[in-house]
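Chemist: Letter by letter, the chains look like this.
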Amino acid sequence: MMKDHEMTDKDTANTTDDVLDGISTLSKADEKIYYASQWQLIVWKFGRHKLALISLILLTMMYIIAFTPGFFAPYLKEERFKGYQMAKPSRVHIFDDGKLQPFIYDVELKMDQETFRMYYEENPEGDKYPIRFFVRGSEKYPLFIFFQSDMHLFGVDEGGPPIMLFGSDGLGRDLFSRIVYGATISMTIGLVGVTISFLLGVILGGLAGYVGGLFDAVVLVIIDLLQTIPQTPLWMTLSAAVPRDIPVAQRYFMMTLVLSLLSWTGLARVVRGRLLAMREEDFALAAKGAGASTFRIVTKHLIPGFTSHLIVSVTLAIPSMILGEVALGFLGLGMQKPAVSWGVLLQDAQNIVAVAHQPWLIIPAAAVILVILLFNFVGDGLRDSADPYVR
Amino acid sequence: MNSQDIILDVKGLKKYFPLKSGGLFGKVQGYIKAVDDVTFYVKRGETIGVVGESGCGKTTLGRCISLLYEPTAGDVKVYLDEGVLDVGNMNKEETKKFRRNVQMIFQDPYASLNPRMTVLNIVGESLLVNDVAKGDEMEQMVGQIVQKVGLKVEHLRRYPHSFSGGQRQRIGIARALVINPQLVVADEPVSALDVSIQAQILNQLKDLQKDFGLSYMFVSHNMSVIRYMSDRIMVMYAGKLVEMAPREVLLNHPRHPYTELLLSAVPRVSRRGSFRLVTPGEPPDLLNLPQGCVFNPRCKYAKEVCKEVAPSLVQVGPDHFVRCHMADELTLTGI
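In the order they appear, the protein sequences are chains C and B.
Heads up: the first sequence is residues 0 to 390, going by numbering that gives the first Met the number 0.
Heads up: the second sequence is residues 0 to 334, going by numbering that gives the first Met the number 0.
Derived by calculation from the structure, the hints in this document are not laboratory data.
Be aware that a few hints might be false.
[What the hints assert, rightly or not] Some, not all, of what chain B presents toward chain C, calculated at C-beta under 10 Å: (1) T71; (2) G73; (3) V75; (4) L79; (5) P114.
[Stated by the list, open to error] When the alpha-carbon atoms are kept at most 30 Å apart in a straight line, the in silico DSSO-like pairs for lysine-lysine are as follows: (6) C:K299 to B:K209; (7) B:K13 to B:K95; (8) B:K91 to B:K13; (9) B:K302 to C:K287; (10) C:K299 to B:K42; (11) C:K287 to B:K306.
The beta carbon of each residue, even a glycine, is placed where N, CA and C say it ideally should be.
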């Protein structure tokens, strides 16, 4: 027994310590963790968070759709179908005589005997119009600004009724297509707004935390002041001050400014707090003792130390921006027609009569809820995995 | 004193932390005198131990010496092989030279290593920022020092989370030594470790001292560790240096009542029964220090003069300094 021990000791004669011997006998999986950086650990931990992972995949798909609406929408956003005002959502039949072939039936116009309203009803005796994929549309739409295309993911042959998955609005426009188009504005306004407030927050919060003194005090007072103002009324005031007759792109930019003007304060507080806390951490002091410059300490030691927390705060800040845009749009203060955003679409659902007769007009709200839920799930997952050293 | 023999000479070092009331127009309400008028020196190649209870200012003293904190007042001189540095007024070049030669080992092996950097980058940082080496050359130097402290070259690409407390502390030691300093301030380097690991690290530090000809300023609250490591011992109380003497002298013939108290708390195998001084009172409130001698409320020998006049540091023997009015009258018990 004793001899065996001495033998193994000789193998590791260079390292004087037995404490270290444990390390060499580790499995491959453990080995991988030892060489993993913090980012890898975060990614691994996030990967184990199934709900967040699925949400992230769905969100990514939704953003792909939001950036190429023309392809995913069967029709253009202003394409009107005469006679199809306020049409019910088309009923899609999946199987045709036992074969997998989605189709819709032809429709016929009927009248409600009580209200004398005209409405379309599918006619099971009529012609079948199969749903085809990668069909050519009637007009070209711009794709990624520089390109033009008339390809749509799905559609039906011409001659039959239009396929309206979510019904149509009062002008006979396909609501599904308009929701897809609206995603572009509604889903990106949160991203752009968060980017602006992120820059403001990191710069002001960072300076406040690092410079300290009077600057810190002034920034804190400004933050306190901004946070005391109720959010929605201030948004309403500011967006009412934006001129109504400016181009869509300009208005879009103004809206992001309005939205991010308030929300940078939370981020600034996070940055300031983390900086203050981490400046006193031993490893920051150690870097100072090693002779590192202030700039190096901040950029190499402090900022990497809380980027993961920042990403979480940013992810959780996006939903409130999206909600802000929708709320303003709904009230008629956000984006204006002819721009299409979910808030603008929901204007049609403002009165109870419309909603009672055409319940599909509130479907854009479902899109909003879905996106916000997905963002919150992703944010939760990120928060759980942001600090991989906490178990 | 011959300046050839000493590496660090500190006179009247003070570090006060202002206490501000919060808010925009916060006023300074007072000062915490973490280090108050401390005078000492470190000889070349020796280990000076700094001991005292929690909050006595020993860590602050160490951080002032390694210039992690800016001292409020005092005169600190470092006698390096390549010249004298007056720490109070150094230019950029001299500060760099100071950083290269005075390094620090931290107490907490978990907090003192940046979890986002590999061992190579943690240890190599001082080489990089002081323009000593980079790239392959840096890796080679880091590899050498890492082996010297008992780690392996294969560990260089790993992150701190893959190491145990003892191993992390070795990384911290490697970081302090890689740039070949002359004075190392070790701030409680083993107090966060298991007892079995403590002995390994302490012996390692002793070996490294021999190999590199280092001078240590060794801060600890543990009298046994101080006793094992130090050539001379400084005892601090409430920010003040109360006694400083060569190890055997201080252990056998303490001249300050607080030193006696500390020594009585060291557990011993040989002695049965109880000779354990009961400590009256509480640790001092740094915001509200007592009049006269700071130790008088807890001192069983205190007389009237102790409550009125603050004693000054006096020399009572070769290398032996005491801050007590009655140093000459008392006969105190050592170990």
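Chemist: The structure should be examined with respect to each hint, and the outcome stated for every one.
Modeler: Checked hints:
| no. | hint | result |
| --- | --- | --- |
| 1 | T71 | violated, 18 Å |
| 2 | G73 | violated, 19 Å |
| 3 | V75 | violated, 15 Å |
| 4 | L79 | violated, 15 Å |
| 5 | P114 | holds, 6 Å |
| 6 | C:K299 to B:K209 | violated, 34 Å |
| 7 | B:K13 to B:K95 | holds, 23 Å |
| 8 | B:K91 to B:K13 | holds, 23 Å |
| 9 | B:K302 to C:K287 | violated, 46 Å |
| 10 | C:K299 to B:K42 | violated, 36 Å |
| 11 | C:K287 to B:K306 | violated, 42 Å |
When held up to the earlier numbered hints, the structure conflicts with 1, 2, 3, 4, 6, 9, 10, 11 and fits the remainder.
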